[in-house]
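Visitor: Here is how the chains run, residue by residue.
2 protein chains.
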Amino acid sequence: MRAVRREPTARVPVWLMRQAGRYMAEYRDVRKNIGFVELCKTPRLAADVMLTAVDKLGVDAAIIFSDILLVLEPMGMSLTFSAGDGPVLEHPLRTPSDVERITELADVSPLQFVFDVVTETRCGLDQRLPLIGFSGAPFTLAGYMIEGGGSNQFLETKRFMYRYPDAWEKLMGKLTNSLARYLRGQVDAGAQVVQIFDSWVGCLSCGDYSRYVLPATKQLIAQLRDIPTIYFGTGNPELLTLMKQAGSSVIGVDWRIDIAAACERLGNDVAIQGNLDPAILLSEPEIVRNKTLNILRKINGRDGYIFNLGHGILPQTPVENVVTLVETVHGYNVRS
Amino acid sequence: MRAVRREPTARVPVWLMRQAGRYMAEYRDVRKNIGFVELCKTPRLAADVMLTAVDKLGVDAAIIFSDILLVLEPMGMSLTFSAGDGPVLEHPLRTPSDVERITELADVSPLQFVFDVVTETRCGLDQRLPLIGFSGAPFTLAGYMIEGGGSNQFLETKRFMYRYPDAWEKLMGKLTNSLARYLRGQVDAGAQVVQIFDSWVGCLSCGDYSRYVLPATKQLIAQLRDIPTIYFGTGNPELLTLMKQAGSSVIGVDWRIDIAAACERLGNDVAIQGNLDPAILLSEPEIVRNKTLNILRKINGRDGYIFNLGHGILPQTPVENVVTLVETVHGYNVRS
Numbered sequence: 001m002r003a004v005r006r007e008p009t010a011r012v013p014v015w016l017m018r019q020a021g022r023y024m025a026e027y028r029d030v031r032k033n034i035g036f037v038e039l040c041k042t043p044r045l046a047a048d049v050m051l052t053a054v055d056k057l058g059v060d061a062a063i064i065f066s067d068i069l070l071v072l073e074p075m076g077m078s079l080t081f082s083a084g085d086g087p088v089l090e091h092p093l094r095t096p097s098d099v100e101r102i103t104e105l106a107d108v109s110p111l112q113f114v115f116d117v118v119t120e121t122r123c124g125l126d127q128r129l130p131l132i133g134f135s136g137a138p139f140t141l142a143g144y145m146i147e148g149g150g151s152n153q154f155l156e157t158k159r160f161m162y163r164y165p166d167a168w169e170k171l172m173g174k175l176t177n178s179l180a181r182y183l184r185g186q187v188d189a190g191a192q193v194v195q196i197f198d199s200w201v202g203c204l205s206c207g208d209y210s211r212y213v214l215p216a217t218k219q220l221i222a223q224l225r226d227i228p229t230i231y232f233g234t235g236n237p238e239l240l241t242l243m244k245q246a247g248s249s250v251i252g253v254d255w256r257i258d259i260a261a262a263c264e265r266l267g268n269d270v271a272i273q274g275n276l277d278p279a280i281l282l283s284e285p286e287i288v289r290n291k292t293l294n295i296l297r298k299i300n301g302r303d304g305y306i307f308n309l310g311h312g313i314l315p316q317t318p319v320e321n322v323v324t325l326v327e328t329v330h331g332y333n334v335r336s
Numbered sequence: 001m002r003a004v005r006r007e008p009t010a011r012v013p014v015w016l017m018r019q020a021g022r023y024m025a026e027y028r029d030v031r032k033n034i035g036f037v038e039l040c041k042t043p044r045l046a047a048d049v050m051l052t053a054v055d056k057l058g059v060d061a062a063i064i065f066s067d068i069l070l071v072l073e074p075m076g077m078s079l080t081f082s083a084g085d086g087p088v089l090e091h092p093l094r095t096p097s098d099v100e101r102i103t104e105l106a107d108v109s110p111l112q113f114v115f116d117v118v119t120e121t122r123c124g125l126d127q128r129l130p131l132i133g134f135s136g137a138p139f140t141l142a143g144y145m146i147e148g149g150g151s152n153q154f155l156e157t158k159r160f161m162y163r164y165p166d167a168w169e170k171l172m173g174k175l176t177n178s179l180a181r182y183l184r185g186q187v188d189a190g191a192q193v194v195q196i197f198d199s200w201v202g203c204l205s206c207g208d209y210s211r212y213v214l215p216a217t218k219q220l221i222a223q224l225r226d227i228p229t230i231y232f233g234t235g236n237p238e239l240l241t242l243m244k245q246a247g248s249s250v251i252g253v254d255w256r257i258d259i260a261a262a263c264e265r266l267g268n269d270v271a272i273q274g275n276l277d278p279a280i281l282l283s284e285p286e287i288v289r290n291k292t293l294n295i296l297r298k299i300n301g302r303d304g305y306i307f308n309l310g311h312g313i314l315p316q317t318p319v320e321n322v323v324t325l326v327e328t329v330h331g332y333n334v335r336s
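Protein sequence lines correspond, in order, to chains A and B.
Using my numbering, the letters of the first sequence correspond one by one to residues 1 to 336.
Using my numbering, the letters of the second sequence correspond one by one to residues 1 to 336.
Pulled out of the complex, with its shape left as it was, chain A reads as follows:
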């Protein structure tokens, strides 16, 4: 939390996106008996999965075990996760009238199970470690709603944005207000900071981001003004200075930009999180160590830096490489 506030820390704090997941044998064991969505909806188990990972890795923060798409069910989308194929959202939004059937969440009680995951995880967590809540960002969630699932290029989303700017704005507004209540609910349930995942925003040009995405994102973060926020995007480093305008406490950066350049571009008035390429964790401990040290040296003791990957841990990652990463960060003397 000191790093989030850009205060000096004795060592660089580290946590890893998707630190509890398929790469870990303990997680695969749990999943033998329960589906992914069911696990997310079983607070005791979801908390256990994360607490086990935090314990095993020795990271400096937990994040709730959940999924960015769950908020879309009470908003009116029908969601299924098929093994291997990823999420499917039925009846994707393709016309302005489709937006009418989306409900803005005035009441977030249908997401009580997420708040329960927050509380369960918080209760089981070392008091010194912060718990991170999260949601998808308005753009990334709108993208799933319009595509009907994952996508490489988000062409339907772009087409919708260009052709129906008013309906797009309406959709982003409904998402923004719902997400603000949802994230506040997570903080009320025990989270210290929230991360907003704009995982697919990198498909956009700067002009499109400024016009179609920044206003809603800024509004979301403004509604959370009193809450520490991490805004994470991937895929286009050119967006970083625009993303900063959204006003979060921390900006999450992927590996496409050199961390020294990211620090320079973003300036000293925002904290930074990232940016090791998760593919490096597929190699060997010695390579992981070198690439991790590379980043730490470039950070050069900057206040307001949180070590993380540039995206989530990949399922095929050997656990020992992740342990090596955490040990390397913790063994690094910030003031040397």
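Warning: the hint list may mix true and false statements.
A pair counts as met if it fits within one copy or between any two copies, since identical chains are not told apart.
Unchecked claim - Distance condition first, Cα-Cα at most 20 Å in a straight line; then the derived SDA-like pairs of lysine to any residue:
no., residue 1, residue 2
1, K298, L242
2, K298, R211
3, K244, R211
4, K244, A261
5, K41, L89
6, K41, E73
7, K56, V319
8, K41, P74
9, K174, P92
Keep in mind the hints are simulated off the structure, nothing from the lab.
Please arrange chain B on chain A, whose structure you already have, making use of the hints.
Guide: Coordinates of chain B only, in the frame set by chain A:
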């Protein structure tokens, strides 16, 4: 060609990646009777397909109708294109010893059919229009060889790079020397300029690009020193200044960077090509016109600029939007 040399032009020249392709009814008609690879290997037809597109759109350059992967067949890879699923390369390279079975092309005569496409297209083309030859870049081709086809993340490629740096260098060397001969052959057959497609390079960090990709790419372009070259990459604008170091005459940029920022970052000693998001062509003529004018205004009469997309035309693109784009570029008065 004047724009390639950064000399003043009366109007902004324009051509479009994948300007002959599935979005065009004439192309779909041709493909009713012939497979994709067979079409590439039938010079008369391949030339016709491109000449028809150039004629219909009124663009200022032709590019040979071919595929970046064809060069890999005589190098020892077995290649098939399955409808819908994209290319498949059998026996992908996964260990250093796999690189041994790859042949460096001392003799490019197995690719004579490509040179014949060049000559046929050149003969049918208006003398004032340049013909562009092309190949994949060493990294992008190595990526296909290691993944065994297309990929979103190029994880096997990165793992290979990190674990087997010597074998990687050897593979890049074989590709570089083969591609230099191949591209020179295209120029000898009648091309005026060659484009090197590094379509997937954007998955890399700046550090990895500098270490694993830039040296080979630089060497390739050095071997073509007397030939005008366009080096095109997509997916990570942070790489642009490094890509410039490879030494091409023109840098192709995607839509992720604002064109004004690209001009500033790349400086005045290299020509620039790009950068409209091809997704914009899925919208409506009025939107296409506005977004095209936006770019032209930002270019602001810069010498050494070629209008293009940031990636190839998408199959579902309405032809009238492409025509609108070309008309808008040609109607724009550079010196206004």
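Visitor: Hint by hint, note whether the structure agrees.
Guide: Hints versus structure:
1. K298 / L242: Classified as between; 19 Å across copies, 23 Å inside a copy.
2. K298 / R211: between (33 Å within a copy, 17 Å between copies)
3. K244 / R211: within (15 Å within a copy, 30 Å between copies)
4. K244 / A261: The answer is both: 15 Å in one copy and 18 Å across copies each meet 20 Å.
5. K41 / L89: So K41 and L89 pass the 20 Å test inside one copy only (18 Å; across, 42 Å).
6. K41 / E73: within (13 Å within a copy, 51 Å between copies)
7. K56 / V319: within (10 Å within a copy, 56 Å between copies)
8. K41 / P74: within (14 Å within a copy, 54 Å between copies)
9. K174 / P92: Result: close within a single copy only, 16 Å intra versus 47 Å inter.
When the structure is compared with the earlier hints, no violation turns up for any of them.
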